[in-house]
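Trainee: Work the whole structure out from these sequences, hints included.
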Amino acid sequence: MTSGPANASASRPFVFDDGAAYELMMGRWSALVAHPFLGWLALPAGLEWLDDGCGDGSFTQALVERQLPTTVVGVDPAPAQLSYARRRVADARVRFLEGDAQNLPLPDACVDAAAMALVLFFVPDPLQGVREMVRVVRAGGTIAAYQWDLAGGGFPLQPILDAVHAGGYQSQQPPSAWAAALKASEDLWRSAGLVDVLTRQFEVSRTFESFDDFWRTAHGSPRLRDLFASLSPEELERLKEDARGRIASAGDGPLVIKARANAVKGRIR
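Numbered according to this note's numbering, the sequence shown spans residues 1 to 269.
In case anyone wonders, no lab produced these hints; they're calculated from the structure. Don't take every hint at face value.
[To be verified] Taking CB as the label site, the calculated pair distances span: (1) Ser191 / Asp212: 40 to 46 Å; (2) Ala139 / His35: 26 to 32 Å; (3) Arg238 / Pro79: 32 to 38 Å; (4) Arg238 / Ala90: 40 to 46 Å; (5) Ala166 / Ala45: 46 to 52 Å; (6) Ala151 / Asp242: 18 to 24 Å.
Glycine is no exception: its CB is placed at the ideal position from the N, C-alpha and C atoms.
Mentor: Right under this line is the structure:
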């Protein structure tokens, strides 16, 4: 077991430096949650939106398709993700900016609604991130988010993570994993002064051609990429087979993986 590199990778910051790999690994999952999440928000068409932590533009695309917005501004700290998003959502109503969720490059009260899709647990100070959304959203506007149910095992790659931990390896943890819990996100929204705060859990599923197809998506995860690279071929194969054994339906054919996301919404007075 090569514990040195694995331990080192656990302390590095998350770097999403490949938009295409992120789309395969997580963007498609995000889109599965986005549409029922937007239905739950029940906001009218024609609003001005902020996609805070827009990543590769998966949620931005859902906003454009479902909400018919007047404008959308997507903000993300990763140039590679923004480059992918600009190619993906080539729409005159949409612009993308490089920036930090804790210090948004936007003026006060400039949008009607703001959302974080699979972002809150990556923000070092989640409350500051929520307060920044409060700052840029107009009075009466909505602020919402969804994030994987990490504590409840709802992360899409959970079978692989379970195999990693069972093998004694370490993987990167989001800096604010605690914020993914329903009660924690509700408390954050209330602490930021939001009212009419509600939470909800969404379960989604994704079909893969095979277990190998599912396994390949994990190579786009910063939580796992460095660990995989540090292992010998034999160690990696053992890890893969352990993960396969944790999925009851992991035969040679199509594979259905389920995931759960925790959502929160609130309104500015």
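Trainee: Hint by hint, say whether it matches the structure.
Mentor: Going through the hints against the structure:
| no. | hint | in the structure |
| --- | --- | --- |
| 1 | Ser191 / Asp212: 40 to 46 Å | 44 Å, holds |
| 2 | Ala139 / His35: 26 to 32 Å | 28 Å, holds |
| 3 | Arg238 / Pro79: 32 to 38 Å | 36 Å, holds |
| 4 | Arg238 / Ala90: 40 to 46 Å | 44 Å, holds |
| 5 | Ala166 / Ala45: 46 to 52 Å | 48 Å, holds |
| 6 | Ala151 / Asp242: 18 to 24 Å | 22 Å, holds |
The structure is consistent with each of the numbered hints, conforming to all of them.
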